[in-house]
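Asker: In order, the protein sequence lines correspond to chains C and F.
For the first sequence, the positions run 1 to 298 when UniProt numbering is used.
For the second sequence, the positions run 1 to 356 when UniProt numbering is used.
Just so you know, the hints here were simulated from the structure itself, not pulled from any lab data.
Nothing here was measured: the structure is a model prediction, and the numbers come from that model.
Any given hint might turn out to be false.
Residues of chain C placed beyond 10 Å of chain F at every Cβ, according to the derived structure [as the list claims (entries may be wrong)]: (1) 70; (2) 129; (3) 235.
Cβ-Cβ distance ranges computed for the label pairs, FRET-style [said to hold, decoys possible]: (4) F/148 to C/140: 55 to 61 Å; (5) F/211 to C/99: 23 to 29 Å; (6) C/122 to F/138: 30 to 36 Å.
No residue lacks a Cβ here, since even glycine has one placed at the ideal position from N, Cα and C.
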Amino acid sequence: MTTATSERETTETGTPLLKLENVSKHYGNIIALRDVTMEADAGSVTCVLGDNGAGKSTLIKIIAGLHEHTDGKFMMSGTELRLSSPRAALGLGIATVYQHLAVVPLMPIWRNFFLGSELTTGWGPFKRLDVKRMKEITKKELADMGIDLRDVDQPIGQLSGGEKQCVAIARAVYFGAKVLILDEPTAALGVKQSGVVLKYIVNARARGLAVVFITHNPHHAYPVGDRFLVLKRGRAIAYQEKKDISLEELTGLMAGGAELEELAHELEHSSSPGAQDALKDVEAGLDDLDAGQAPAKS
Amino acid sequence: MSSTTATPDTAAPPAGSGAGADERVAKRSLFRTLLGRPELGALVGAAALFVFFAIVSDVFISPAAQANVLYSASTLGIMAVGVSLLMIGGEFDLSTGVAAISSGLVASLFSWYFATNVWVGVAMALVVSLLIGFINGLIFIKTKLPSFIVTLAMFFMLAGLNLALTRLIGGSVSSPPISTMDGFELGRSIFAARIPVFGVDVNSTVFIWFGMVLVATWVLMRTRVGNWIYAVGGDAEAARAVGVPVTATKIGLFMAVGFCAWVLGMHLLFGFGTMQSGEGIGNEFFYIIAVVVGGCLLTGGYGTAIGGAIGAFIFGMSQRGIVYAGWDADWFRFFLGLMLLVATVINLTVKKRSES
Numbered sequence: 001m002t003t004a005t006s007e008r009e010t011t012e013t014g015t016p017l018l019k020l021e022n023v024s025k026h027y028g029n030i031i032a033l034r035d036v037t038m039e040a041d042a043g044s045v046t047c048v049l050g051d052n053g054a055g056k057s058t059l060i061k062i063i064a065g066l067h068e069h070t071d072g073k074f075m076m077s078g079t080e081l082r083l084s085s086p087r088a089a090l091g092l093g094i095a096t097v098y099q100h101l102a103v104v105p106l107m108p109i110w111r112n113f114f115l116g117s118e119l120t121t122g123w124g125p126f127k128r129l130d131v132k133r134m135k136e137i138t139k140k141e142l143a144d145m146g147i148d149l150r151d152v153d154q155p156i157g158q159l160s161g162g163e164k165q166c167v168a169i170a171r172a173v174y175f176g177a178k179v180l181i182l183d184e185p186t187a188a189l190g191v192k193q194s195g196v197v198l199k200y201i202v203n204a205r206a207r208g209l210a211v212v213f214i215t216h217n218p219h220h221a222y223p224v225g226d227r228f229l230v231l232k233r234g235r236a237i238a239y240q241e242k243k244d245i246s247l248e249e250l251t252g253l254m255a256g257g258a259e260l261e262e263l264a265h266e267l268e269h270s271s272s273p274g275a276q277d278a279l280k281d282v283e284a285g286l287d288d289l290d291a292g293q294a295p296a297k298s
Numbered sequence: 001m002s003s004t005t006a007t008p009d010t011a012a013p014p015a016g017s018g019a020g021a022d023e024r025v026a027k028r029s030l031f032r033t034l035l036g037r038p039e040l041g042a043l044v045g046a047a048a049l050f051v052f053f054a055i056v057s058d059v060f061i062s063p064a065a066q067a068n069v070l071y072s073a074s075t076l077g078i079m080a081v082g083v084s085l086l087m088i089g090g091e092f093d094l095s096t097g098v099a100a101i102s103s104g105l106v107a108s109l110f111s112w113y114f115a116t117n118v119w120v121g122v123a124m125a126l127v128v129s130l131l132i133g134f135i136n137g138l139i140f141i142k143t144k145l146p147s148f149i150v151t152l153a154m155f156f157m158l159a160g161l162n163l164a165l166t167r168l169i170g171g172s173v174s175s176p177p178i179s180t181m182d183g184f185e186l187g188r189s190i191f192a193a194r195i196p197v198f199g200v201d202v203n204s205t206v207f208i209w210f211g212m213v214l215v216a217t218w219v220l221m222r223t224r225v226g227n228w229i230y231a232v233g234g235d236a237e238a239a240r241a242v243g244v245p246v247t248a249t250k251i252g253l254f255m256a257v258g259f260c261a262w263v264l265g266m267h268l269l270f271g272f273g274t275m276q277s278g279e280g281i282g283n284e285f286f287y288i289i290a291v292v293v294g295g296c297l298l299t300g301g302y303g304t305a306i307g308g309a310i311g312a313f314i315f316g317m318s319q320r321g322i323v324y325a326g327w328d329a330d331w332f333r334f335f336l337g338l339m340l341l342v343a344t345v346i347n348l349t350v351k352k353r354s355e356s
């Protein structure tokens, strides 16, 4: 069993670890994703932002191997390929930590950590779990991620939501993930717990993983992200390096600067008296957004 | 169960500075570790019950009476081994009581009509018992119905088949007398022997039971399959997501229950010579009660085979103890129901605490 650190790949050489080029996904005649381009380099965090229904989950399903893309190119280390199953994705080192985490609450942390990939020792009918080694590895791997637990024997259900996320991340890292997809890891967490998870995302990046961080919260994405892809209605409305975008701009894109304009347009054509007041509010909101973006642009 | 002693510890912030790590581990004392064990409630209950019967009855603590208690416990405990594994795996089997009878009937009828040696029937019974388990599991997986419904249907079908086929083939409600056939003595010496221990005859089922509990405990605690059993019972979807073969594990568990039904069926056959085709109905609840009293959660993912064994021992003590104490045996079922209620309440508290 090798850890991801031993096969760290350099970003400077050009070819990104994972690259999507003009990827589209149709479900029948519904276009869930259109012409999305993104990269994930080893040792970097690519954030995918978007509101509900923007196409975030379609995108991760394509990367995780749950759905095949309809058009465009999917490339790992420069080779074009199609993923037929989550197992194929795992085989390539693409690990996904879903919102529901895939942990069994009543089982001890170490059993959860190795679930499905247990270490054994001995032979024939005496083949047994290598409990001691699994406990040691679990403790060490979690410590390396900066997670300090008193006892890997306690049920994982006793951990906080953030800690459970971190165990799931550490597990993916240990089992050789090169690309780590995190599906809304901070969505159900409080402010403090979110901070803890963000710290582990930074740790995973430091260990050389290509992290794809899906979120709808720009305040979580901006501090840890190196690159930001903003999706809306299945299209990429922005794909920027961190140096080219400010938190205000990102928030503006997310909060829907364009959407507010659209709303303003709709209200303008509405004749009801209340609509005019609402229009003023929306326009004020737009001015605020512009004001926020202006200094960053210069 | 004293949950108050545990609360301050669980409430302490789990993640913190690295310096305090060892100190926090030390806080988890032996006492607290014991409190976290699923069998503890049952063990305390068993000890209390033992002391109680020892006081109210003079003969209860005699070796002969204890041999009887163990025998009662074993006939229940053998099935409870499979039922506990299955319940930890998150499922029920209501067909266990009649499945054991089916197994004995198959062995008896098959060897009477198609063979000269009882062991041909015994082998056939093993195949049929495993097959019943397999079919239970397969229907459960394919239909995605609750195992409660699937095995309830199997319970009625087997109960009907036991009666109908026995009458159809043998023309009677009981199986033919096979005690004079070849291999019967060997069968009896394995499945229904009386083995003298310190001057008291102990039935061989007691040793078979102990052996099965040990094997089941080994499997649960120290093998990959054991890990999978806990996982499919705790959260089947999560288990599937990390690559645990959920379908195979669940079907395998139903087959393990089938195996236990075969062992019990063989004991009944070799112990009594003939099988009564209408028996076994209602026993499935005793197995489930024993397992739940032993600390397995009805919802799955938690419990031990040893817990199920302690539950069976409690059952054996109550069944025999009530008689030794000179009370009406009618009280037995009342106590059984009461124990189930108390045990379930304790179990729920345990689960809530480990998930908080």
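Asker: If you check the beta carbons of residue 211 of chain F and residue 99 of chain C, does the distance land in 23 to 29 Å?
Answerer: 45 Å, violated
Asker: Given a hinted range of 55 to 61 Å, is it respected by the beta-carbon distance of residue 148 of chain F and residue 140 of chain C?
Answerer: 43 Å, violated
Asker: Residue 129 of chain C: least C-beta distance to chain F exceeds 10 Å?
Answerer: Contrary to the label, residue 129 of chain C does not stay out of reach of chain F, its closest Cβ about 5 Å off (not over 10 Å).
Asker: Against chain F, does residue 70 of chain C hold up as non-interface, every C-beta pair farther apart than 10 Å?
Answerer: It holds; residue 70 of chain C is separated from chain F by about 25 Å at its closest Cβ, greater than 10 Å.
Asker: Could you tell me whether the CB distance from residue 122 of chain C to residue 138 of chain F stays inside 30 to 36 Å?
Answerer: Check passed, 32 Å falls within 30 to 36 Å.
Asker: At 10 Å, judged by beta carbons, does residue 235 of chain C keep clear of chain F as stated?
Answerer: Correct as stated: the minimum Cβ-Cβ distance to chain F is 30 Å, above 10 Å.
Violation of the numbered hints given earlier is confined to hints 2, 4 and 5; the remaining hints are satisfied by the structure.
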